[in-house]
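Following the hints, complete the assembly by docking chain L onto the known chain F.
Protein chains: 2
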Amino acid sequence: MKDIIVQKFGGTSVADTDKIKNVARAVIREKNLGHDVVVVVSAMGHTTDILTKLAKDITPNPSAREMDMLLSTGEGVSIALLAMALQAQGCDAVSMNAMQVGIITEKVHTKARILDIKTDKIRKYLDEGKVVVIAGFQGITDDYEITTLGRGGSDTSAVALAGALEAERCDIYTDVEGVYTTDPRIVPCASKLKEISYDEMMELASGGANVLHPRAVETAMTHNTPVRVRSTFKLEDYGTLILGVDKMELHRPVTGVASDMSQLRIVVCDVKDNPGVAASLFDGLAAENISIDMIIQSYARKELHTNDIAFTIDKSDIDKAMGVLEKLKSELCYSNVFVDDKIAKISIVGAGMVGRPGIAAKMFRTLANLGINIKMIATSEIKISCLVDKDNANKAVETLHTVFGLDSNEIADVKGDLPNV
Amino acid sequence: MKDIIVQKFGGTSVADTDKIKNVARAVIREKNLGHDVVVVVSAMGHTTDILTKLAKDITPNPSAREMDMLLSTGEGVSIALLAMALQAQGCDAVSMNAMQVGIITEKVHTKARILDIKTDKIRKYLDEGKVVVIAGFQGITDDYEITTLGRGGSDTSAVALAGALEAERCDIYTDVEGVYTTDPRIVPCASKLKEISYDEMMELASGGANVLHPRAVETAMTHNTPVRVRSTFKLEDYGTLILGVDKMELHRPVTGVASDMSQLRIVVCDVKDNPGVAASLFDGLAAENISIDMIIQSYARKELHTNDIAFTIDKSDIDKAMGVLEKLKSELCYSNVFVDDKIAKISIVGAGMVGRPGIAAKMFRTLANLGINIKMIATSEIKISCLVDKDNANKAVETLHTVFGLDSNEIADVKGDLPNV
Numbered sequence: 001m002k003d004i005i006v007q008k009f010g011g012t013s014v015a016d017t018d019k020i021k022n023v024a025r026a027v028i029r030e031k032n033l034g035h036d037v038v039v040v041v042s043a044m045g046h047t048t049d050i051l052t053k054l055a056k057d058i059t060p061n062p063s064a065r066e067m068d069m070l071l072s073t074g075e076g077v078s079i080a081l082l083a084m085a086l087q088a089q090g091c092d093a094v095s096m097n098a099m100q101v102g103i104i105t106e107k108v109h110t111k112a113r114i115l116d117i118k119t120d121k122i123r124k125y126l127d128e129g130k131v132v133v134i135a136g137f138q139g140i141t142d143d144y145e146i147t148t149l150g151r152g153g154s155d156t157s158a159v160a161l162a163g164a165l166e167a168e169r170c171d172i173y174t175d176v177e178g179v180y181t182t183d184p185r186i187v188p189c190a191s192k193l194k195e196i197s198y199d200e201m202m203e204l205a206s207g208g209a210n211v212l213h214p215r216a217v218e219t220a221m222t223h224n225t226p227v228r229v230r231s232t233f234k235l236e237d238y239g240t241l242i243l244g245v246d247k248m249e250l251h252r253p254v255t256g257v258a259s260d261m262s263q264l265r266i267v268v269c270d271v272k273d274n275p276g277v278a279a280s281l282f283d284g285l286a287a288e289n290i291s292i293d294m295i296i297q298s299y300a301r302k303e304l305h306t307n308d309i310a311f312t313i314d315k316s317d318i319d320k321a322m323g324v325l326e327k328l329k330s331e332l333c334y335s336n337v338f339v340d341d342k343i344a345k346i347s348i349v350g351a352g353m354v355g356r357p358g359i360a361a362k363m364f365r366t367l368a369n370l371g372i373n374i375k376m377i378a379t380s381e382i383k384i385s386c387l388v389d390k391d392n393a394n395k396a397v398e399t400l401h402t403v404f405g406l407d408s409n410e411i412a413d414v415k416g417d418l419p420n421v
Numbered sequence: 422m423k424d425i426i427v428q429k430f431g432g433t434s435v436a437d438t439d440k441i442k443n444v445a446r447a448v449i450r451e452k453n454l455g456h457d458v459v460v461v462v463s464a465m466g467h468t469t470d471i472l473t474k475l476a477k478d479i480t481p482n483p484s485a486r487e488m489d490m491l492l493s494t495g496e497g498v499s500i501a502l503l504a505m506a507l508q509a510q511g512c513d514a515v516s517m518n519a520m521q522v523g524i525i526t527e528k529v530h531t532k533a534r535i536l537d538i539k540t541d542k543i544r545k546y547l548d549e550g551k552v553v554v555i556a557g558f559q560g561i562t563d564d565y566e567i568t569t570l571g572r573g574g575s576d577t578s579a580v581a582l583a584g585a586l587e588a589e590r591c592d593i594y595t596d597v598e599g600v601y602t603t604d605p606r607i608v609p610c611a612s613k614l615k616e617i618s619y620d621e622m623m624e625l626a627s628g629g630a631n632v633l634h635p636r637a638v639e640t641a642m643t644h645n646t647p648v649r650v651r652s653t654f655k656l657e658d659y660g661t662l663i664l665g666v667d668k669m670e671l672h673r674p675v676t677g678v679a680s681d682m683s684q685l686r687i688v689v690c691d692v693k694d695n696p697g698v699a700a701s702l703f704d705g706l707a708a709e710n711i712s713i714d715m716i717i718q719s720y721a722r723k724e725l726h727t728n729d730i731a732f733t734i735d736k737s738d739i740d741k742a743m744g745v746l747e748k749l750k751s752e753l754c755y756s757n758v759f760v761d762d763k764i765a766k767i768s769i770v771g772a773g774m775v776g777r778p779g780i781a782a783k784m785f786r787t788l789a790n791l792g793i794n795i796k797m798i799a800t801s802e803i804k805i806s807c808l809v810d811k812d813n814a815n816k817a818v819e820t821l822h823t824v825f826g827l828d829s830n831e832i833a834d835v836k837g838d839l840p841n842v
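Residue numbers (my numbering), protein chains in the order written: chain F, 1 to 421; chain L, 422 to 842.
It should be emphasised that the hints constitute simulated quantities derived from the structure, not laboratory data. Because the structure is a prediction, the values reported are computed rather than measured. Ideal placement from N, C-alpha and C gives every residue a C-beta, glycine not left out. Don't take each hint at face value.
Going by beta-carbon spacing under 8 Å, a handful of chain F positions derived as facing chain L [what the hints assert, rightly or not]: (1) I20; (2) K21; (3) M69; (4) A85; (5) Q87; (6) G90; (7) M99; (8) N224.
Quick look at which bits of chain L chain F covers, simulated, 3 or more residues with Cβ under 8 Å [stated by the list, open to error]: (9) 513-523; (10) 527-533.
If we strip away everything but chain F, and leave its shape as in the complex, we get:
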């Protein structure tokens, strides 16, 4: 049995028939390296936007079930065309939609999670020497309802298929060339990483480095499937390999620096210092489906028996959050609410910071030397985040990038001899 490689191509990679022919060449290139190949594709280019507009022309509130029926047609087109392009280039190929494969999901429309993937038909086709082209983004419930997986759905389909097939690797072809130590648009000397761990990738992705959806990373971590992010348009490039810490060759203390401008900070002042007050507040926010990122409760002001509670949320949730606070006013007995939307969250991420003291201190000292005030701090095993003024964000990222040795001239070591894949 040959090693299986799963390749995933997004909408921009299959946006027109010429691009689809290019994708066919990338698939055949992989097959000629001696692998069995399974390809996952998204809908062509702007198909999803066009279909969504049709639905909105019909009604402002289309039902979720019918949206899934509508949107799932997009991948039906791209898998058929890619299979034709492969056949036209002399490569035996067959397309399969989620129903034909058996990509079983929860009974939830527009954002279902995959429960199970049948592999028998795929393996049969692979044994016949075929390339199997599978529709991403879509699934099916056990009573044949069509579902879609929501944002990052095709990436998740590809990684989940790789896991179910025990694939050697899942290659995510995209319009970026890999994962960088920070956003190259902010720091021009950002370096492309050869490797990054699942954990680091999730922290960087949720911190704004949107190369691969966190759900896809999580799925890869579950199966311990290596995922390579690479460029559709530069097939020779190695890209970045995302894998388990245990398989990594090299641990630098800090792998990347991220900034996130999408949040705002809410400070609730002089909350009664009673047991259960924080629970009431965050239960109320959770009931409205508001995700909280950082939370700080200041030391209680003993003389007043009150606390200040500060937290950050996504900017789009501000109206819902203020509604919750209004409703809880009598219970929490707070004096004031301050909202600060001129903030940025700056994070350093690295699996190597575990057990290396001094990383956090070095970050704080760097910001202090720049005269940047830290408004909140949050830490996890592999990440340290500081909330700062938005105006200081880029300067902070640039300097931290240099201080932690991530500028491209500093990390030539990670660009050494690459395996020929």
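Okay, now just chain L, sitting in the frame of chain F:
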């Protein structure tokens, strides 16, 4: 249990979102009459052409399997949008593709025939008070391969569903207002028929009155399902009801006059008068999938021991037919082949001509009075066809239409009180 009405709307009826909203109104109108309603729709407008062009951009010879995968996406879009439009107008509705229904076909791509239709899920939805919107044109094999039904596929889907559901009636909504005694573009005083039998409809349809595909009529006849052809854009119109002769109210000897310009005539001269010669010729043509319409073998010329064999085929098959004749030249020993493409087949059709002598003679006499030479004659139980010069076709149709009492002022009787449906 309520009576079930199956409604079918073609591509022009759902060409844009405004038209889809109109279709929703026509569906709700039927539901408000107290019926359970199942709706079958085709792909929107030119979708099939657009998808076919994409495939041709990829390769001049796309595989049939992948073409079916590609084309079947078209109905996925229209069923979802129509279900949304119904919901937006307050009508509970659900879309189903062929896989979800279980429209089982042969394992043949691009022109599969329906073998079986499961009705349990449809009935469950109807029992819940929902309108069920089903994708036409597509099917699925018992191992989940996607198939399409070929030309007239959506009509066939609708009629077959009506049969399987034992529906009260199948309404085919289209851009014509019904079935006419002859082509109104040729004879302005052509009358719309209130009723026509399956047999008559098939003879008229294959004679050029392309309102409903013969396969759909055949399917309706098998289940004895009444089919009403009616206008999408004039919902108040009764249209034409196609039904079994046994259920018809009124039998005129001639129901319609058709002309067909799509054929040409081949005369094979001086074929050896041996047993099996005609069989060889028509076996050879059948092997190339060439449909023969009329056949005449002239009286053998005793002194030469030869026959002339004349037959008509579709113009598009001429190259294949000439190839067959070339190959059989030594076996048939014919002297010459004449091809005549300036012909028209004029037919009169009527279930009522059975057992009424003189109809054929009246047709021949009418043509003779016009000075029109008859090149070939063919008859069936309910049809008499004459091959004439193309230039005489319109004159022949007009005069026959008048002679057999079909001009609109003559058949006011069929436009009497119509049932309120």
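Here's how the hints hold up against the structure:
1. I20: It holds, given that the least Cβ distance between F:I20 and chain L is near 7 Å, below 8 Å.
2. K21: holds, 7 Å
3. M69: holds, 4 Å
4. A85: Because about 5 Å separates F:A85 from the closest Cβ in chain L, which is inside the 8 Å limit, the hint holds.
5. Q87: Nearest chain L Cβ about 6 Å off; hint holds.
6. G90: Violated: closest Cβ of chain L sits about 11 Å from F:G90, beyond 8 Å.
7. M99: holds, 6 Å
8. N224: Interface hint status for F:N224: violated (31 Å vs cutoff 8 Å).
9. 513-523: Holds, because 5 residues of the stretch 513-523 of chain L bring their Cβ atoms closer than 8 Å to Cβ atoms of chain F.
10. 527-533: violated (count 0)
Violated hints for the displayed structure, listed by number in ascending order: 6, 8 and 10.
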